[in-house]
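Colleague: Chain by chain, the residues run as shown.
Number of protein chains: 2
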Amino acid sequence: MSASNPKNSKNEIPSLKSLERDFGQKFAYPASTKTYLQGSREDIKAPIRMIEQLPTRVGEELVANPPVPVYDTSGPYSDPEIVINLEKGLPRLREAWIAERNDTEQLSGPSSEYGVARSKDEATQELRFAHISAPRVAKSGNNVSQMYYARQGIVTPEMEYVALRESMGLEQLRKDPAYKQLLKQHPGKSYGANLPDIVTGEFVRQEIAAGRAIIPANINHPELEPMIIGRNFRVKINGNLGNSAVTSSINEEVEKMVWSIRWGADTIMDLSTGKHIHETREWIIRNSPVPIGTVPIYQALDKTGGIAEDLTWEMFRDTLVEQAEQGVDYFTIHAGVLLRYVPLTADRITGIVSRGGSIMAKWCLAHHKENFLYTKFDEICEIMKAYDVSFSLGDGLRPGCIADSNDAAQFGELHTLGELTAKAWKHDVQVMIEGPGHVPMQRIEENMTEELKHCLEAPFYTLGPLITDIAPGYDHITSGIGAAQIGWYGTAMLCYVTPKEHLGLPDKEDVREGIITYKIAAHGADLAKGLPGAQVRDNALSKARFEFRWEDQFNLGLDPERAREYHDATLPAEGAKIAHFCSMCGPKFCSMKITQEVRDYAATLDADGNPKVPSKVIPIAEVAQEATKGMEEMSAEFRKRGSEIYQ
Amino acid sequence: MSASNPKNSKNEIPSLKSLERDFGQKFAYPASTKTYLQGSREDIKAPIRMIEQLPTRVGEELVANPPVPVYDTSGPYSDPEIVINLEKGLPRLREAWIAERNDTEQLSGPSSEYGVARSKDEATQELRFAHISAPRVAKSGNNVSQMYYARQGIVTPEMEYVALRESMGLEQLRKDPAYKQLLKQHPGKSYGANLPDIVTGEFVRQEIAAGRAIIPANINHPELEPMIIGRNFRVKINGNLGNSAVTSSINEEVEKMVWSIRWGADTIMDLSTGKHIHETREWIIRNSPVPIGTVPIYQALDKTGGIAEDLTWEMFRDTLVEQAEQGVDYFTIHAGVLLRYVPLTADRITGIVSRGGSIMAKWCLAHHKENFLYTKFDEICEIMKAYDVSFSLGDGLRPGCIADSNDAAQFGELHTLGELTAKAWKHDVQVMIEGPGHVPMQRIEENMTEELKHCLEAPFYTLGPLITDIAPGYDHITSGIGAAQIGWYGTAMLCYVTPKEHLGLPDKEDVREGIITYKIAAHGADLAKGLPGAQVRDNALSKARFEFRWEDQFNLGLDPERAREYHDATLPAEGAKIAHFCSMCGPKFCSMKITQEVRDYAATLDADGNPKVPSKVIPIAEVAQEATKGMEEMSAEFRKRGSEIYQ
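The listed protein sequences correspond, in order, to chains A and B.
The C-terminal residue of the first sequence carries number 647 in UniProt numbering, and the numbering is unbroken.
The C-terminal residue of the second sequence carries number 647 in UniProt numbering, and the numbering is unbroken.
Warning: the hint list may mix true and false statements.
Identical copies look the same in the list; a pair holds intra-copy or inter-copy alike.
Said to hold, decoys possible - Straight-line Cα separation of at most 30 Å, DSS-like style, residue types lysine-lysine; simulated pairs: (1) K189 to K453; (2) K26 to K508; (3) K423 to K184; (4) K120 to K88; (5) K184 to K453; (6) K189 to K376; (7) K508 to K376; (8) K34 to K184.
Because the hints were derived from the structure by calculation, they are not lab data.
Since this is a predicted model, take the numbers as computed values, not measurements.
Hey, can you work out the whole structure from these sequences and the hints?
Modeller: Encoded structure:
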């Protein structure tokens with residue numbers, strides 16, 4: 001059956017111009033300044049975006065509002081100083097850090113059979129990324145994982161970078177009186193997370209060494225801006241993209257990647273299963289400042305022509321090397337799908353819904369052998385540590401509907417993932433654990449507590465979970481609800497779900513919707529856990545909202561363009577953006593305007609409660625104190641002065 | 001300032017045809033049969049929608065799947081037997097029930113000054129609903145509230161109707177073997193809710209008598225299909241609509257109402273503050289099968305020309321009578337905004353954000369008097385019980401940002417609402433309590449526990465809450481997350497938020513997005529609480545998904561049209577809807593297809609593990625048991641038979 005859409009099946013070479021043009025939106029964030037937090041050496045500079053604010057008018061005076069720092073995933077794309085050329089790839093930020101450790105060597109070319117074959121393939125010549133460097137690999141006997149360094153007591157530049165990035169200059173903000181009100185924050189309920197007041201490089205090192213966090217950072221992905229995934233840091237989100245046999249082109253996938261990080265994806269998984277997946281991946285990695293994850297079994301299966309039974313360890317191994325040498329930062333490996341767990345899925349409504357899980361289950365049954373990903377796990381670890389690829393231990397038996405949640409198959413596999421975590425850690429290989437899926441609310445917390453217990457506090461990385469199955473077309477929302485909760489309970493990274501889940505492949509607008517939904521979930525979790533500084537942006541936006549600084553309200557939001565568009569749909573005039581009311585209520589019914597008027601009225605009184613010339617905002621409390629003195633003349637004065645309150 | 005949009009400011013008379021045409025979608029639900037559950041008398045028939053399913057193909061046989069019952073809010077609009085004429089209004093279902101109680105009398109016309117004046121106003125003649133009946137009122141000395149009847153030990157037709165509606169024929173389903181698998185359900189975590197196995201009329205009566213639930217049902221809204229709001233019943237959702245000074249017409253508001261109930265709104269609040277709000281309300285009530293709520297202070301303020309200080313008890317009282325005689329089922333009354341609480345909002349970032357709350361705060365300060373809604377509360381109760389209007393005690397001091405959540409102002413007001421609840425119950429007047437607003441996740445549960453404690457378990461009715469302030473344009477999602485949680489903790493009704501919140505007035509598409517989001521939250525809460533039967537629809541949809549019954553997957557969802565549209569965006573061909581794969585993965589990578597193949601393979605084996613002609617689906621468990629016997633020939637046989645698995 002051929003259902004491909006001609007429009008989507010072209011394989012154009014990406015170009016930045018075409019991306020901006022196609023999407024009709026600017027990469028640059030409005031009212032934002034890209035800055036960097038300087039580390040201990042010149043070449044350690046972690047990005048941060050500062051959102052500029054308009055001043056507040058207080059009487060005749062303008063009082064400045066300070067810029068609001070936000071975590072920045074967009075990489076060089078939002079830096080006006082850096083010229084982006086997608087055909088050359090991003091600047092190689094980590095190249096010197098990797099080289100100076102002197103524990104790697106550069107190969108003359110790819111060492112996988114498939115990698116070699118592809119580099120010589122003439123049919124894909126025109127699609128190929130032109131500036132591929134020869135890959136690096138650990139020198140014989142060396143381990144180049146961040147976990148290895150951490151356990152040696154070394155704070156790598158990656159760790160220091162991450163510490164700066166997580167802290168977002170909070171120490172400076174605390175010293176600046178302009179941030180005093182914005183820094184007010186409710187205590188969190190941490191569910192056992194240990195959130196430091198300020199993240200230091202040493203704290204990062206300890207967390208990596210303990211296995212509670214990972215920095216996915218393949219030595220062949222020097223373009224990467226390091227980030228950390230762990231329960232004691234900001235909750236992160238992943239965005240999936242990738243073509244399928246049915247749809248999509250390289251151009252589209254690169255475009256989705258760039259827009260994903262612009263909207264806030266912390267990592268990207270390339271789940272391509274269609275044509276040219278090797279070439280597509282190269283384009284994506286070379287242009288991605290965020291870690292790229294893959295599910296290597298997809299490509300391995302593709303190499304068999306789609307016959308799961310024909311998969312072999314040798315072919316899979318070659319695929320791991322091929323992808324590790326391209327620079328993939330984490331691999332989903334379904335090594336916990338054991339033969340004995342497969343029967344446990346028999347009474348499920350939706351059986352096995354993980355693609356990787358079902359492939360391995362089929363292989364196991366067809367061969368009557370144990371999963372080779374499990375039996376060859378030590379050999380996989382050897383590859384992982386030679387490039388510093390992190391494990392994302394796949395939940396091949398995750399539930400595909402709420403009825404199947406938290407069952408023996410799912411938790412049986414989870415126990416095996418814990419066993420494999422311990423094994424990987426013996427190799428100093430970084431690990432995170434994948435989680436479900438579809439889980440009703442009352443069963444979500446158990447997923448987190450079981451994971452912490454059986455997987456030794458390795459970071460949890462969950463898909464949703466979806467809290468109900470009845471809303472196809474809205475599964476970004478059914479899952480966003482579950483994601484916010486499980487993020488609060490301790491999940492370190494949330495894998496997004498788009499509105500097209502279960503129905504089709506996401507386009508750019510679906511990616512946008514999915515990412516923003518998950519930014520909400522992750523930020524909601526940070527607030528609920530009590531992450532220091534997390535409330536600054538909320539407070540700033542709320543203050544802007546109350547003061548009718550519309551532009552600031554848009555710019556401080558997760559999606560300024562959407563906010564502006566929605567506002568303009570009702571009140572398109574430019575004047576409406578400085579109006580002291582909004583379209584929901586109109587001028588007479590605006591509560592914020594009325595509250596402001598009450599405050600303004602307070603400002604007309606002096607300390608003795610007598611009218612004076614307005615000069616500054618006085619808290620409403622003072623008015624009310626006057627009120628309780630029962631001064632009837634205030635009422636008369638109010639009427640006299642305020643009879644025309646709406647201009 | 002005039003920012004009105006000419007397109008939106010026309011005031012056309014609504015007509016059903018124009019609604020369907022304008023929206024380009026059919027009111028009728030796909031593959032659905034409107035049926036009724038028969039009560040103890042001929043005229044008690046509660047609606048239920050049965051979603052028909054396609055059969056499952058098992059080998060050569062077709063095995064029927066039973067129809068799935070879903071709660072139906074759409075009223076006569078989805079009944080093909082009933083001819084809808086918006087100009088005449090809906091059938092008057094409750095008219096006989098009200099009359100037979102013989103405790104009301106029909107007036108000769110409206111008894112409010114404003115109602116009389118409006119009925120004679122020539123300027124609005126052409127907009128006026130043509131078939132207004134003269135209102136009814138309790139006979140002198142009578143109380144016509146459902147709470148009064150409940151406390152007398154009477155199970156009214158309304159209560160029996162509600163019991164049938166809530167139970168959804170669950171008792172019959174349990175006896176039918178076709179529903180056995182669909183009825184499997186995880187235990188809930190109820191947070192103290194007492195969900196009966198089957199809802200009976202007597203249970204409803206007890207809950208109403210205790211004040212734990214309300215049936216908003218004005219005697220002047222006989223078109224109403226009764227529904228119940230209480231923690232021990234299905235979680236309900238409310239959709240807001242209403243024009244403002246800036247935008248919207250009668251036609252649009254009626255259209256939003258009709259589409260809202262079609263998508264699943266359980267009640268509608270008409271928050272109009274613009275032109276012709278009396279006339280708009282009449283059109284809405286006469287055509288609404290769901291309870292209509294209002295905030296009477298908005299109209300009262302409008303009558304003063306927008307001057308809060310000019311509000312008087314007399315004018316407000318007249319407004320209550322005016323609206324009660326039109327048939328409004330519940331009134332939001334901000335009687336808890338006391339003078340002494342206003343100063344407590346002084347240090348807030350967003351002050352007072354409730355429109356009603358800010359109006360009353362301003363009135364209190366301007367007059368240096370206590371809120372007249374508080375001081376006249378007993379007189380308000382006298383009106384409520386004469387028409388059976390329920391209180392929705394407004395949270396005028398709710399937080400407008402997460403920083404302001406759970407503060408002294410908010411909880412001070414909540415205590416007063418509890419005091420007023422006790423007072424209303426002395427009059428046998430039904431009460432629910434409004435709640436926030438903006439609350440980060442870790443502070444949501446406290447809202448529920450405080451409400452239960454101080455408001456004596458009266459039903460809680462919350463707006464969201466929004467768990468973060470940083471996503472204007474996505475506040476249906478920020479609030480949907482909080483709504484799911486607070487619904488789980490015990491909130492009885494969730495007031496929706498649309499994507500336009502904080503930015504503009506919602507159009508029909510925004511209303512759709514808001515309602516579906518809140519249906520997800522409410523259903524997620526039902527599942528989490530363990531509401532009997534709640535999982536049937538999830539199980540049915542998941543089974544359909546696993547069996548690639550695409551049409552059933554669409555039809556069983558909350559928004560069939562959206563699901564179909566998204567599916568068709570990737571694979572538009574009709575053939576794709578019976579394809580055994582979907583566009584996310586394509587045919588090779590479809591986990592469900594692979595799982596099905598594993599099951600099919602199992603079916604090729606007889607009880608001794610020998611190949612036989614396939615006849616029925618055998619659970620995967622049996623295959624795996626064979627596998628563990630280590631029969632190598634099975635592997636060979638599998639390859640022989642299954643070498644071409646993808647047709």
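Colleague: Hint by hint, note whether the structure agrees.
Modeller: Going through the hints against the structure:
In this assembly of identical chains, the alpha carbons of K189 and K453 lie at most 30 Å apart whether taken from the same copy (19 Å) or from different copies (22 Å). Within a single copy, K26 and K508 get their C-alpha atoms as close as 14 Å, and across copies as close as 29 Å, so both meet the 30 Å cut-off. In the homo-oligomer, the alpha carbons of K423 and K184 never lie at most 30 Å apart, since the shortest distance is 44 Å inside one protomer and 38 Å across protomers. Taking the closest pair of Cα atoms, K120 and K88 come within 30 Å of each other only inside a single copy of the chain (20 Å); across copies the shortest separation is 77 Å, beyond that limit.
Proximity of K184 to K453 under the C-alpha cut-off of 30 Å is restricted to the inter-copy arrangement: shortest distance 29 Å between copies versus 34 Å within a copy. Taking the closest pair of Cα atoms, K189 and K376 never come within 30 Å of each other, the shortest separation being 41 Å inside a single copy and 42 Å across copies. For the identical chains of this complex, K508 and K376 are neighbours neither inside a copy (38 Å) nor across copies (56 Å), given an alpha-carbon limit of 30 Å. Proximity of K34 and K184 under a CA criterion of 30 Å is satisfied intra-copy only: 25 Å inside one chain copy versus 54 Å between copies.
Of the numbered hints stated above, those contradicted by the structure are hints 3, 6, 7, listed in ascending order.
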